[in-house]
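Protein chains in written order, with the working numbering: chain A, 1 to 228; chain B, 1 to 228; chain C, 1 to 228; chain D, 1 to 228.
It should be emphasised that the hints constitute simulated quantities derived from the structure, not laboratory data.
Built from N, CA and C at the ideal position, the CB exists for glycine as well.
Some hints here could point you the wrong way.
Here are the computed lysine-lysine pairs in the DSS-like style, where the Cα-Cα straight-line distance is at most 25 angstroms [unchecked claim]: (1) A:K154 / A:K170; (2) B:K47 / B:K165; (3) C:K150 / B:K154; (4) D:K133 / C:K133; (5) C:K150 / C:K133; (6) A:K154 / A:K47; (7) A:K154 / D:K150; (8) C:K150 / C:K94; (9) B:K154 / B:K170.
Stretch by stretch, here's where chain D covers chain B in the computed footprint (C-beta under 8 angstroms, at least three residues) [said to hold, decoys possible]: (10) 72 to 82; (11) 96 to 108; (12) 134 to 142; (13) 176 to 184.
One-sided and incomplete, this derived list gives chain C residues near chain B with beta-carbon spacing under 8 angstroms [to be verified]: (14) A114; (15) D162; (16) T182; (17) T197; (18) P202; (19) E203; (20) S209; (21) Y211.
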Amino acid sequence: MTALDTLDRTVEHTDRGPLSRDEMAEIVARDIPPGSFVNLGIGQPTKVADFLAADSGVVLHTENGMLGMGPAAVGDEIDTDLTNAGKVPVTELPGASYFHHADSFAMMRGGHLDVCVLGAFQVSAAGDLANWHTGAPDAIPAVGGAMDLAIGAKQVLVMMTLFAKDGTAKLVPGCTYPLTGVGCVDRVYTDVAVFRVGSQGVTVLETFGISYDDLAARLDVALRRLQD
Amino acid sequence: MTALDTLDRTVEHTDRGPLSRDEMAEIVARDIPPGSFVNLGIGQPTKVADFLAADSGVVLHTENGMLGMGPAAVGDEIDTDLTNAGKVPVTELPGASYFHHADSFAMMRGGHLDVCVLGAFQVSAAGDLANWHTGAPDAIPAVGGAMDLAIGAKQVLVMMTLFAKDGTAKLVPGCTYPLTGVGCVDRVYTDVAVFRVGSQGVTVLETFGISYDDLAARLDVALRRLQD
Amino acid sequence: MTLICEGADEAVADVADGSTVLVGGFGMAGMPVDLIDALIRQGATDLTVVSNNAGNGDTGLAALLAAGRVRRMVCSFPRQSDSWVFDGLYRAGKIELEVVPQGNLAERMRAAGAGIGAFFSPTGVGTPLAEGKEVREIDGRTYVLEHPIKGDVALVGAHVADRMGNLVYRKTARNFGPVMATAATTTIVQVAQVVETGTLDPEAVVTPSIYVDRVVAVGAAARQQEAS
Amino acid sequence: MTLICEGADEAVADVADGSTVLVGGFGMAGMPVDLIDALIRQGATDLTVVSNNAGNGDTGLAALLAAGRVRRMVCSFPRQSDSWVFDGLYRAGKIELEVVPQGNLAERMRAAGAGIGAFFSPTGVGTPLAEGKEVREIDGRTYVLEHPIKGDVALVGAHVADRMGNLVYRKTARNFGPVMATAATTTIVQVAQVVETGTLDPEAVVTPSIYVDRVVAVGAAARQQEAS
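Pulled out of the complex, with its shape left as it was, chain A reads as follows (with noise of 0.2 angstroms):
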């Protein structure tokens, strides 16, 4: 990874608010090195493509068959062969590449992928994930390749907001909400922190509109600085 490699220390920015949305995705943009292969997850993950710098070398890959993936279709690009996982119609960069299912799968399994960027529900601080079922009996099952894009990449990046609309935190000492992959997670990024979670631990990385302090009382996982 790239700025955050170089991090020697935590960050605190308490000098400004969360990160929207959209910085979110910057942040996360920043993050990827240059001439990386990304897989980004549906819905929010989608956004950090339209931060990755033009001359960055990134190659997007999509699940459904594709290397060089380009933005959004619009107007007359609209061609409904040519979509992404979540089925928006996307373009082909130069340099793109088509391959089967199997293939694609096998590529992303094979650990080939450098980067892969996912939503959750629930992160735990061991790095197991829970983005595809909240266990609602009365939810119809649906995992689509989320849990083949968890354990299928050299890094598993997940964004979320870090508290629920109820007030719950999403970083957690134990998913309660059914596991999508096992200790995957590498880093998590949230409006209000980058965390490092994994077999040492949460590690905070940066905060964005909370201190160190504030952040630890707010979440019911040890937290550590960096260089603690």
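Given the coordinates of chain A, work out where chains B, C and D should sit on it, guided by the hints.
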């Protein structure tokens, strides 16, 4: 299969001698249904192609990654990037396609080929095949695609002389050479007879230059006539 | 040998009640709508349908579901904004559902086509979708054993076929088509155009003719060809 | 991101002693001779080489063997009419040999590239090459458990690359290249020509750029390009 499927009793061609190598190939070609997808093993089986009718619609597969293989290349046709499994330069027919090795053997292993024709050291009454290794302690083992071919077609046909140079039969109660595949052979085409083998034992379909009774006297395996 | 059919009705005429039908497409891209409509007219019922989604809007797969022909749906992502037909059937208890992670779905069909008996996948480990399945640690990583999904029939939407049945696809409409074509006993394909054998580049054929049983040209290009 | 190298020596400069090197080609078709020659000059030794054959004549892989750099050979078919280099080393006890059925060899590398932990193959069941391996009956057929073969380096011969590293192959020289490209940590490719990105048809790309680390143009076309 074609010609042989219309047989309702064992046919003894005692008014002639054994089949020549070319005649064996011709008989095998006769029994390959029009439109079949066929793999012809290295060596003697390759000759079968010469006897397939031009309008047979038979499509040849070569396991090094091609469907629609044409005859051996001559003169200017020779292209070192286009060979059969025996590394002999070949040609490409209209409607050909190329694919990589994993896809080529998936095609085979998945049972999509209609017919495969192989040479053999020994075939057992139950259809076990030994064709890759004589078991000699100083021989360098080399299997190539033999084991994949053996289990990779709807019908596996063997072409061989019935007797080795020392007079021992190559259709045996049980193979003494290391196996290539278990119970995988459907028919055995030899210079003196065509056999059906398998869990039902050995049925003689046709003889050439020998009577059924004389054939039975020379083999250690129990034979049956068709429609016995 | 591939049969070029006059119309979609002829192509699906022998689909039996109780069949497992693999239906291509990711959303509407690559969805073989004309074949599905013909299958609705044909009347086969008690079907198991394997497809990435469980129908969009009121056409294609959704129409087959609405006609009450599907007993069981195997898919990765049934719940979509426009999956009201499936949602209604599911909530009314009128359809069974097996949810499979998208990559496992593709790989299980690939295994069926490639003659693989079962495989260990890292996808889904530790999640509800792996419950009851064999788990094994290999080289320090945990995997779940997944079995092939084989179809009696595959309905595939491709772009162009030659008269032998070689196929090319168009952009991300390729998706599940090439995999499903390998995984079914009978593969039926709708294309925009059938061209003479020898027209397609053998290096660019995606589905070799061996996997294709029937082809029917549909849509504007086909109607134009018929009229000329 | 793919690096376009000036020459083969630069491309293989960092291959370490003791590496597992996947070497493309079926006989000489697709054999990356320039990369192998560079590897000989580079001096890496104690190598495990995975390739279909164990060298032909005195060039390419045979020359690497003759130079004494290979500790262990994993292949399907070492014994050929022109494999005198390997034969001599083997009989002198100077090289280890693992013989793998050709389809299992391809599928084991595919598994490595596709993140599959192991798979059940029907090939080789009941033969000496399955001895000591786990066997299981699935749906009435017997299978043997096969594990991935992963390379530290793959040396691949392709036809044309674009500057991003997308590859196309030529005829049956495709063979193991696309599979090996997915199965190694570092994939190094020699091509006849490097073209501008956007020149290759995205529908016809065989190896997407994500699998390619380094590309070098060799041979007549490359020399001409350099001179111009």
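May I ask which of the numbered hints given earlier this structure violates, with the numbers listed in increasing order? none
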